[in-house]
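Chemist: What follows is each chain in one-letter form.
2 protein chains.
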Amino acid sequence: MTLASPDAFEAELRAIGAAAARQKVTEAPVGPDELESELRAIGAERYHILHPFHHLLHNGKLTRGQIQAWALNRYYYQASIPAKDASLLARLPTTQLRREWRRRIEDHDGDGSQPGGVERWLALTDGLGLDRDYVTSLAGLLPGTRFAVDAYVHFVRERSVLEAVASSLTEMFSTNIIQQRVAGMLRNYDFVSEETLAYFKPRLTQAPQDVDFALGYVKQHADTREKQEHCLAALRFKCDLLWAQLDALHFAYVAPALPPPGAFRP
Amino acid sequence: MTLASPDAFEAELRAIGAAAARQKVTEAPVGPDELESELRAIGAERYHILHPFHHLLHNGKLTRGQIQAWALNRYYYQASIPAKDASLLARLPTTQLRREWRRRIEDHDGDGSQPGGVERWLALTDGLGLDRDYVTSLAGLLPGTRFAVDAYVHFVRERSVLEAVASSLTEMFSTNIIQQRVAGMLRNYDFVSEETLAYFKPRLTQAPQDVDFALGYVKQHADTREKQEHCLAALRFKCDLLWAQLDALHFAYVAPALPPPGAFRP
Chain A
1 MTLASPDAFE AELRAIGAAA ARQKVTEAPV GPDELESELR AIGAERYHIL
51 HPFHHLLHNG KLTRGQIQAW ALNRYYYQAS IPAKDASLLA RLPTTQLRRE
101 WRRRIEDHDG DGSQPGGVER WLALTDGLGL DRDYVTSLAG LLPGTRFAVD
151 AYVHFVRERS VLEAVASSLT EMFSTNIIQQ RVAGMLRNYD FVSEETLAYF
201 KPRLTQAPQD VDFALGYVKQ HADTREKQEH CLAALRFKCD LLWAQLDALH
251 FAYVAPALPP PGAFRP
Chain B
1 MTLASPDAFE AELRAIGAAA ARQKVTEAPV GPDELESELR AIGAERYHIL
51 HPFHHLLHNG KLTRGQIQAW ALNRYYYQAS IPAKDASLLA RLPTTQLRRE
101 WRRRIEDHDG DGSQPGGVER WLALTDGLGL DRDYVTSLAG LLPGTRFAVD
151 AYVHFVRERS VLEAVASSLT EMFSTNIIQQ RVAGMLRNYD FVSEETLAYF
201 KPRLTQAPQD VDFALGYVKQ HADTREKQEH CLAALRFKCD LLWAQLDALH
251 FAYVAPALPP PGAFRP
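Residue numbers (the working numbering), protein chains in the order written: chain A, 1 to 266; chain B, 1 to 266.
Quick caveat, the hints were computed from the structure, so don't treat them as lab data. Careful, some of the hints might be misleading.
Intra- or inter-copy, both count: the list cannot distinguish identical chains.
[What the hints assert, rightly or not] When the alpha-carbon atoms are kept at most 25 Å apart in a straight line, the in silico SDA-like pairs for lysine to any residue are as follows: (1) 219 with 158; (2) 219 with 180; (3) 227 with 139; (4) 61 with 255.
In this text the structure is predicted, and so the values were computed from the model without any measurement.
If we strip away everything but chain A, and leave its shape as in the complex, we get (with noise of 0.2 Å):
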């Protein structure tokens, strides 16, 4: 009897979920503003602009308490991306590679003379009246969201630097959704204001510029067709736990509004 290793049996059950797939890994690749045409293709179907959760969000239709729910749990999200980053650094083989990836962790960590994105997502946290030492306890955090988060730090832990690479693409499409955000929740939630919103103005420079170097780097490096496969599936995993963490949220406190034990009550 031979017992497979878990490594083993997730590369098996990738290799049979890969199946579908299987058929054009062994085409020619296909150029590079065909690959990110395919890329683009992923956001417009999977990105997490299309939750219904957003949609609410955005268009003034939750209660302050939600808000509070979303900005708890999406703290864990935040404050995982700088890990989520390092660990990809202490694999990056090159000064190049590694200056690029050590300015997102000071995007997010900041230097200590700005404030990073962590903070400034605490800003949020505060002004909506949560407890910091409650956000930053993840008491009550979803599950659900944990182990979507958990799932991005192993993935670009466990796979090739290049499937990390493409598993931060989503940023492609966060400009849009970001403007949606700003104005919408300005616009109608009267508990909301600028200050609350800081985290996500420089993000409007910061996620263009992580952009123009990830989508080079892929388009450049995936040069067969399975690695582009790779990278296309390392794109829709990451739109998965994105879309999943607001399934979470919206069975949570939206309908049918079942927190499960433990969690966060507004």
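Starting from the known structure of chain A, fit chain B onto it as the hints suggest.
Modeler: Below, chain B alone, put in the same frame as chain A:
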């Protein structure tokens, strides 16, 4: 500027998250029977028998398509259990412990003469009219299922042997749910038979045998309050990941019934 490694970061997050428990950690350990009571209290509050999806499932309130979605998603959990157990087996220090844990893998993977649990689960998905290749391809899996199950495999791979063993203790509560499930499903659904539910019958004898060992191990080895707290947290984590799987199913297929892009549609 110091960059925390992901492991250090996770440890810090856990330390912060355990703040509420910290006062207790300096206390003396409770006796083995009191520890068992504390473990059972977690089940009474958090075991997924309490989830509304299970009430619907057992009481005949679901459609065949909804039950297909449950069986298809739960397949990934079943198929990952031997991988989880193999990763613990690889870290166990004695022949006696490895024998005990090897038996669990045999229960799920079979021995070539009797079908194991994974194979018996496929008898259920077959009986429900699902294509076996589609089920095992995982193509229609809910991302929420994948993230919760993978979180379990990662937990067992990364935490102490004691915590890994403690996380198996949801089996303390499984006899009851299996009896409810089998009786309820046979009574309420004409497309379900004893053959399609063949997965469950051996579990009624296997699970108590597993529990005898694992509960005894935890009661013996959790000899400080800190270790006991870790065991309680491991069981809470496990309850959460079973619960989160039902949240994802309920959200996608019951209410509001919004399966994410790419997921199974009955």
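Chemist: Hints first: check each against the structure and report whether it holds.
Modeler: Status of each hint after checking the structure:
no.: 1; hint: 219 with 158; verdict: within (21 Å within a copy, 35 Å between copies)
no.: 2; hint: 219 with 180; verdict: neither (28 Å within a copy, 54 Å between copies)
no.: 3; hint: 227 with 139; verdict: between (40 Å within a copy, 20 Å between copies)
no.: 4; hint: 61 with 255; verdict: both (13 Å within a copy, 19 Å between copies)
When each numbered hint is compared with the structure, a violation occurs for hint 2 only.
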